[in-house]
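> Sequence:
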Amino acid sequence: MKVLLVEDDPSMQTALRRALQRRGMEVEVCGDGRAALAAWKNAAPEVVVLDLTLPGLDGLQVLEQARRENIATPVLILTARGTVGDRIIGLNTGADDYLPKPFDLDELEARVRALARRGPAGAAPGNPAAPAAPGGLRFDRESGAIYHRDEVLELTPRELALLQALVAKPGHAVSKERLYELVFPGETEVQYEAIEVVVYRLRKKLAHTGAKLVTLRGLGYLLKGA
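The opening position of the sequence shown corresponds to residue 0 in numbering that gives the first Met the number 0, with each subsequent residue numbered one higher.
Just so you know, not all the hints are guaranteed correct.
[What the hints assert, rightly or not] Here are the simulated SDA-like pairs of lysine to any residue, each with C-alpha atoms no more than 20 Å apart in a straight line:
# : residue 1 : residue 2
1 : K168      : D139
2 : K223      : F183
3 : K175      : D139
4 : K223      : R148
5 : K204      : F138
6 : K203      : G185
7 : K168      : K211
8 : K100      : K168
[To be verified] Per label pair, the in silico range of CB-to-CB distance:
#  : residue 1 : residue 2 : range
9  : P9        : S174      : 22 to 32 Å
10 : H171      : K40       : 38 to 48 Å
11 : A34       : T187      : 22 to 32 Å
12 : A34       : A167      : 35 to 45 Å
13 : K1        : E106      : 15 to 25 Å
14 : P54       : R177      : 30 to 40 Å
15 : G217      : E63       : 42 to 52 Å
16 : R177      : S10       : 23 to 33 Å
17 : R177      : R148      : 50 to 60 Å
18 : K100      : R21       : 15 to 25 Å
19 : S10       : E180      : 15 to 25 Å
20 : S10       : H171      : 18 to 28 Å
Hints were generated in silico from the structure; no laboratory data involved. For each residue, glycine too, the CB sits at the ideal point set by N, CA and C.
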């Protein structure tokens, strides 16, 4: 997997590059906002790990410019700005995930791999958003986020992968086996029952919406209006 790391702090840059390389990733580094877009185009990464506080242009400006040029590479924002408002701004600008500092390196790896599996957002020009799902949910293909009304749902990468699969087939059951493949692809050490934990956590996060995650024994799970 090829990752572009855009981070201006030398010690953080070195630590993250080494950590990702030890996990089998090829890492291109850039420490300047103005040079980041050119590095992004030249490196052709599968995932961009982007700090917000950069010299030249800040991370949001870099991201906004990339999305304007229809560069759809998945982006994970790393930043010390940890408020909900900052996360929403980042997601609305076109980020796919958000990890506030300080963070666990294993979580960073998991989120990067989840974004690489998802691949570039493939919205058609002029039609970035998927049709509304049950309960007022809406999947924005351009940003990768799922909204309830006008608010981004705060989900982990595994919760997001599961909900995206259900939103894609509203009112239809998705098998437990298929969801396991999407949420834990290639992770043979993860027990099969772990999908039930993700379902449980996602169900709690949907409780305030008009969407209901239903278990159909022997068939799987489906999303419907409450």
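> Each hint needs a verdict: does it hold in this structure or not?
Here is what the structure says about each hint:
1. K168 x D139: holds, 15 Å
2. K223 x F183: With a Cα-Cα distance of about 24 Å, the restraint between K223 and F183 is violated, given a limit of 20 Å.
3. K175 x D139: violated, 24 Å
4. K223 x R148: Measuring from Cα to Cα gives roughly 16 Å; hence the hint holds.
5. K204 x F138: holds, 16 Å
6. K203 x G185: violated, 27 Å
7. K168 x K211: At roughly 14 Å apart (the allowed maximum being 20 Å), K211 and K168 satisfy the hint.
8. K100 x K168: Judged against 20 Å, a Cα distance of about 35 Å means the pair is violated.
9. P9 x S174: 22 to 32 Å: Given about 48 Å between the Cβ atoms, the range is violated.
10. H171 x K40: 38 to 48 Å: The hint (38 to 48 Å, Cβ to Cβ) holds, given that H171 and K40 are roughly 39 Å apart.
11. A34 x T187: 22 to 32 Å: Hint violated: Cβ distance 40 Å, outside 22 to 32 Å.
12. A34 x A167: 35 to 45 Å: At roughly 37 Å between Cβ atoms, A167 and A34 fall inside 35 to 45 Å, so the hint holds.
13. K1 x E106: 15 to 25 Å: holds, 20 Å
14. P54 x R177: 30 to 40 Å: For R177 against P54, whose Cβ atoms are near 45 Å apart, the range 30 to 40 Å is violated.
15. G217 x E63: 42 to 52 Å: Since G217 and E63 have Cβ atoms about 47 Å apart, the given range 42 to 52 Å holds.
16. R177 x S10: 23 to 33 Å: Roughly 43 Å apart at Cβ, these two residues miss the hinted range, so it is violated.
17. R177 x R148: 50 to 60 Å: violated, 28 Å
18. K100 x R21: 15 to 25 Å: For K100 and R21 the Cβ distance comes to about 20 Å; the hint holds.
19. S10 x E180: 15 to 25 Å: At 38 Å between Cβs, range violated.
20. S10 x H171: 18 to 28 Å: At 50 Å between Cβs, range violated.
The earlier numbered hints that this structure contradicts are 2, 3, 6, 8, 9, 11, 14, 16, 17, 19 and 20.
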